[in-house]
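Student: Start from chain A and add chains B, C and D according to the hints.
Protein chains in written order, with the numbering used here: chain A, 1 to 214; chain B, 215 to 428; chain C, 429 to 642; chain D, 643 to 856.
Think of the hints as simulated: they come from the structure by calculation, not from any bench.
All figures in this text were calculated on a predicted structure; none of them were measured in a lab.
Just so you know, nobody snuck in bad clues.
Label-pair distances were calculated between CB atoms; the ranges are:
(1) A:ARG88 - C:THR568: 24 to 32 angstroms
(2) D:VAL721 - C:ASP457: 54 to 62 angstroms
(3) A:GLU189 - B:THR375: 18 to 26 angstroms
Not close to chain A: a few residues of chain B, all C-beta gaps over 10 angstroms, as computed:
(4) ALA244
(5) ALA259
(6) ASP362
Backbone N, C-alpha and C fix where the C-beta goes; we use that ideal spot for every residue, glycine too.
Residues per chain, in single letters:
There are 4 protein chains.
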Amino acid sequence: MFVLVNLKTYPCDPVAIAEAVSDVNERTDARLAVAPQAAHLERVAETGAETWGQHVDPIEHGSNTGHTLAESVADAGAVGTLINHSERREKLADIDGAIRAADRADLETVVCANNPAQIGAAAALEPDAVAVEPPELIGTGTPVSQADPDIVEDAVAAAETVADDVSVLCGAGISTGDDVVAAGELGTEGVLLASGVAKADDPTAALEDLVAPL
Amino acid sequence: MFVLVNLKTYPCDPVAIAEAVSDVNERTDARLAVAPQAAHLERVAETGAETWGQHVDPIEHGSNTGHTLAESVADAGAVGTLINHSERREKLADIDGAIRAADRADLETVVCANNPAQIGAAAALEPDAVAVEPPELIGTGTPVSQADPDIVEDAVAAAETVADDVSVLCGAGISTGDDVVAAGELGTEGVLLASGVAKADDPTAALEDLVAPL
Amino acid sequence: MFVLVNLKTYPCDPVAIAEAVSDVNERTDARLAVAPQAAHLERVAETGAETWGQHVDPIEHGSNTGHTLAESVADAGAVGTLINHSERREKLADIDGAIRAADRADLETVVCANNPAQIGAAAALEPDAVAVEPPELIGTGTPVSQADPDIVEDAVAAAETVADDVSVLCGAGISTGDDVVAAGELGTEGVLLASGVAKADDPTAALEDLVAPL
Amino acid sequence: MFVLVNLKTYPCDPVAIAEAVSDVNERTDARLAVAPQAAHLERVAETGAETWGQHVDPIEHGSNTGHTLAESVADAGAVGTLINHSERREKLADIDGAIRAADRADLETVVCANNPAQIGAAAALEPDAVAVEPPELIGTGTPVSQADPDIVEDAVAAAETVADDVSVLCGAGISTGDDVVAAGELGTEGVLLASGVAKADDPTAALEDLVAPL
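The following block holds chain A by itself, in its conformation from the complex (with noise of 0.2 angstroms):
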């Protein structure tokens, strides 16, 4: 299972969680990775832990004042992006144009949505993989395998009628490892996470209980 840590611009230490990351991912079979802002791509990178970016615009080089370009966050240590996050939806046209900006950078790339049907749709711009997030549970600390394992269930089904080799993840309210557990038994291969580390006072403790079960 591929776990992503999403630190958002949260108030939290992104090289000490990062740093969590990385030891606790030379313990366990689990694909561990974190993202965190721009900004602390260089010193998070620096830790050793797998990074990601946390968005990309869907640009090249030149006059784009502001933006995001994918070879900038790879140039910076990332390896991976999310794009389209609930919390930074993107027009159709530049989901497209990202996951071509980032494949250009050789970044891997997590387009996240909201149901099956959008997951659909995100899987047939061949991204490596997408993340079904349903936005009424993201922090609720109920996990979606739990409050709505249908869903999860469908964007599986959803995204292999579109494309087969796209990997599907999910994430919203996923803080303990019956989670992630949870989320393997319902066809996915990973899950995005946030607060359930970020916020956590022993992020290493916090990493540990999630990857305990797999």
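Tutor: Frame of chain A, contents of chains B, C and D only:
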């Protein structure tokens, strides 16, 4: 074949064009319709021409100043609506929401997109139809069916893979009956066009030319 | 005082409310107007009520599918338009462009904004009027003139500093004649309101109450 | 004079340019600074050059995936930020929010705008400075101070009317020391430039030319 005439915000007489659409529609096996601006929907629908909206927002009745409500578009006499035209690109989540809003108001839906990957994505959201319109060909007078037939065939294939009951239209540069025939031969069930009719000195003659070879 | 009734996308009968506006307008010194959705402009204007748009885009005639053209809003019978309502926030450059578009089409302009600083900014663009509407009070039934009189007075002062010929209106929570009087005493020349009339069982009675103390 | 070098998403070496900025800054009375992409802020700040962000979002710490937090821009070493560059136009309410966010993080603010009316609007929001950049001149090599001196003088006047403690900069087409001098003679306190330095074969020489006549 379905021929949908988009009046955009052209300085044309929407009623005169609607009357031409209504008139020619009675003398052909093709299905003709016209999509005026929201403020012109009523007077266009009163001509008896099949009337479409150019856009609906992903909203319900409520506090949405300055938005386009599907129910109001239907109530003004429209039977369908474009969504995500290249001049009004929308977020993926909002295309999904706009299709649901249109379904609720019994409006037929055509979701536009730039290329085969985005057509597959649009089809996964299950509108009634999708329309491939390469933005670089819009308004050129060079029909997509001639300039880039592969993009049309690939769009038809992409839609079919994802959802085989979603029709495919094409647009951009369509202005003659031969263009419409060519579009049909590439597997589409209709065309979107705009300036070819809306800017014609004689819209009735332009429409007759379009449907003559059908 | 100017009383502008915004119908948003409420499930009301726009013609019935327009008739009430027209009717009450004849029996008061206040100036009453109604702002329906774009698709309802024509039928509302036909009642003889002063009719306003809820929004115009910063565009000219041309290739702008799904946009709201100032000329078409005027052509459908409107004499003015809201711009930048808190439910349709616009880019600074587009507010400027929308005012120019409205000027071109002889539409009167009211630019909405959240707070005194933004009111000053809006006034610098030289619309006919600005309207301060704290978003947190919209639809509450608690009038801004009572909940936060300072914000109204500060908005009047901010507009005056920047451009002394720009009128100031206020909105949010206005529902009684006392609210309108209070708004006038704070230095405004009118009010925006919505649910107080649009959701009233008897819009004529609601309007009569609003203008009774004037 | 303040000379702010915007690196946009150009394919330049941000550290090499920052070193040139730092180097030339020590040998001139002008104040030089450099604005790299967010992902490059740390490595640029480490050179000792005065470092600026290209954009901040109107947010606080919290659930804002893919956004640019003022605190993180400051934490990475920046002392100021551009807001509303013509390549990243923002809603009026969000420009206001971004200035508040930057103030909170002790970042100096320069709000860009297209024309004198928008400059007045931006000044009403009380940033530290505003910058007038006619979009049609950006990247042309024809300096705004020569192509359209009136727009610069009108912008200075507009800002002064609204808020006399807001500095005015100008940009677009600036590439020589004469352009910088001309900008000062028109009443501005600095210039924004980009390609003239970022695409120069020898950034140090380009910067020396810029400040030589000062």
